[in-house]
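Student: If you count by this note's numbering, then the sequence shown holds residues 13 to 224, one letter each, in order.
Hints in this document: simulated from the structure, not taken from any laboratory.
Owing to the predicted nature of the structure, the values given are computational and were not obtained by experimental measurement.
Note that CB positions come from ideal geometry on N, CA and C, so glycine has one too.
Heads up, some of the hints might be wrong.
The following label-pair restraints were derived from C-beta to C-beta distances [claimed, not checked]: (1) H41 <-> R185: 26 to 34 Å; (2) T170 <-> E139: 32 to 40 Å; (3) V192 <-> Q82: 24 to 32 Å; (4) H47 <-> T99: 18 to 26 Å; (5) E139 <-> Q161: 26 to 34 Å; (6) T81 <-> E139: 17 to 25 Å; (7) Q161 <-> Q184: 23 to 31 Å; (8) V192 <-> H41: 35 to 43 Å; (9) V192 <-> D156: 30 to 38 Å; (10) H42 <-> E176: 32 to 40 Å; (11) E165 <-> R61: 15 to 23 Å.
For lysine-lysine, the following BS3-like pairs were computed, each having C-alpha atoms within a straight-line distance of at most 30 Å [claimed, not checked]: (12) K152 <-> K177; (13) K130 <-> K177; (14) K177 <-> K128.
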Amino acid sequence: MGDNLCPELPRVATNNGVLSSLVARTGRHHQRYDHGYRLVAGCVPFRYRADCSIKNDVHQTIEVMMVTTQGGPGLLFPKGGWETDETAEEAACREAYEEAGVRGDLKGCIGSWDFKSKRQQSHLSPEGLCRAYMYALVVKEELDSWPEQHCRERHWFTAAEAMEKCRYEWMQRVLQQCIVHLGSGQISPTAILPSNPLKAESSHPAHLPVKV
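Sequences and hints are given; from them, build the entire structure.
Tutor: Below, the structure is given as structure tokens:
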């Protein structure tokens, strides 16, 4: 299982000459869709606990980072729309930076999960169907400033604490699978991605997504 270093994010010069990239992407013009599903990428940011002596139990050796939502209770893992000018891995790294202010190395793809979101309804996904490709990200850097720092808080939790605090059931399953894969070293290096994940408008897959 090899590491995949997150790409360097674009930086722009501010008026005082300091390099920064504190602007989150907005808009839906470049969103990817596949068979009525809006495609999403995200990650489980994690770190290894230096003070832990139980090295063979992933539950005890890692902490995971979660972020608050922009509206409503509960905590989430960073995620957002996968756009047409980036890979799923790049989108996952971008969302980790924009929402949580962290950079690191991707350990691989955990899997994909379907869910429904009323906030994501559009003419290309009228039912708000989403498919999220989730990655494990070992955090190497926590930034003092990041695009959504004024509307989100970030927190570190043990795996057990994070499981209790997940706002959505499907994210609990993501965390469960992440822990299993980290413990076994079997995280896939690449996701099984749709062959033509652009603005497809054909019928929905037969299986039903989780409602959120």
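Student: Going through the numbered hints above, which ones does this structure break? Give me the numbers in ascending order.
Tutor: none
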